[in-house]
Amino acid sequence: MNDESSYSVNVPTGEDMQNLGRKAAACVRGGDVLLLSGPLGAGKTTFAQGFGAGLHIAEPIVSPTFTIARELDGSFADGTPAHLVHVDAYRLGGNDFAPGQDTVDRLLDELESLGLDEELEDPGEQTVVLMEWGEQMASAFAEARLEVHIDRPIDKETVAAEINNHNVELTGDGIRTVTFVPVGERWQDFDRQLDLMK
-1 MNDESSYSVN VPTGEDMQNL GRKAAACVRG GDVLLLSGPL GAGKTTFAQG FGAGLHIAEP
59 IVSPTFTIAR ELDGSFADGT PAHLVHVDAY RLGGNDFAPG QDTVDRLLDE LESLGLDEEL
119 EDPGEQTVVL MEWGEQMASA FAEARLEVHI DRPIDKETVA AEINNHNVEL TGDGIRTVTF
179 VPVGERWQDF DRQLDLMK
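Sequential numbering from -1 applies to the sequence shown in the numbering used here.
These are calculated hints, taken from the structure and not from any lab test.
For every residue, glycine included, the Cβ atom is placed at its ideal position computed from N, Cα and C.
Treat the hints loosely; a few may be bogus.
Subject to a maximum C-alpha distance of 25 Å in a straight line, what follows is the list of computed SDA-like cross-link-like pairs (lysine to any residue) [stated by the list, open to error]:
#, residue 1, residue 2
1, K21, E69
2, K21, S61
3, K21, Q186
4, K21, E183
5, K21, A75
6, K21, L70
7, K21, I55
8, K21, T177
9, K21, V60
Quick list of simulated restraints, FRET-style, between CB atoms [stated by the list, open to error]:
#, residue 1, residue 2, range
10, Q124, S61, 30 to 36 Å
11, E141, I173, 31 to 37 Å
12, P151, R184, 18 to 24 Å
13, G28, Q186, 16 to 22 Å
14, G182, P10, 28 to 34 Å
Using the sequences plus the hints, can you model the full thing?
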């Protein structure tokens, strides 16, 4: 991400990733949409766990891959009720398009069939949407959104082992770079809110 309005921070541990998720949760309010992206093993669910903790959600935050979406209740930083819709969009937007249908229309059709279209396009006053694998959804809804990109640098030894067909498992170890991309007027002072630069 080289956008002038983006903000990046290096995150060395899973605990730090959860803390960053908590800080992000302290900045949100009803109607906000966050799109969370990154490769497998990057730390998306770890960030989401911290985000859920920041919203005072008692239930465990797990990847919603097999349920597409989970709805959880907690509270915002000011104590008002918060409703989190945690979506995994990885399996949305398949290749079964109707004649003349584009990707955005296909995604919206899938969201409608799941009963999520209205909630995602226009979250209520107490609802926050956190969507993993959300980059493909950016043009489908939410003109104002916070995109959270997590990058996991792969070291040279790992790449060499993969080239030599060694089985290398991704672990939670290693520095991640998290880049926040604020889109829309709502998020223009996000860097100040999150206090990333200190």
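Consistency of the hints with the structure:
1. K21 <-> E69: holds, 21 Å
2. K21 <-> S61: holds, 20 Å
3. K21 <-> Q186: Satisfied, since the Cα-Cα distance of roughly 17 Å is no more than 25 Å.
4. K21 <-> E183: With a Cα-Cα distance of about 20 Å, the restraint between K21 and E183 holds, given a limit of 25 Å.
5. K21 <-> A75: holds, 10 Å
6. K21 <-> L70: holds, 19 Å
7. K21 <-> I55: holds, 14 Å
8. K21 <-> T177: holds, 14 Å
9. K21 <-> V60: Distance ~19 Å between K21 and V60 Cα, so the pair holds.
10. Q124 <-> S61: 30 to 36 Å: 24 Å Cβ-Cβ, so the 30 to 36 Å window is violated.
11. E141 <-> I173: 31 to 37 Å: For E141 and I173 the Cβ distance comes to about 33 Å; the hint holds.
12. P151 <-> R184: 18 to 24 Å: violated, 31 Å
13. G28 <-> Q186: 16 to 22 Å: holds, 18 Å
14. G182 <-> P10: 28 to 34 Å: The hinted range 28 to 34 Å holds for G182 and P10, with Cβ atoms some 30 Å apart.
When the structure is compared with the earlier hints, violations turn up for hints 10, 12 and for no others.
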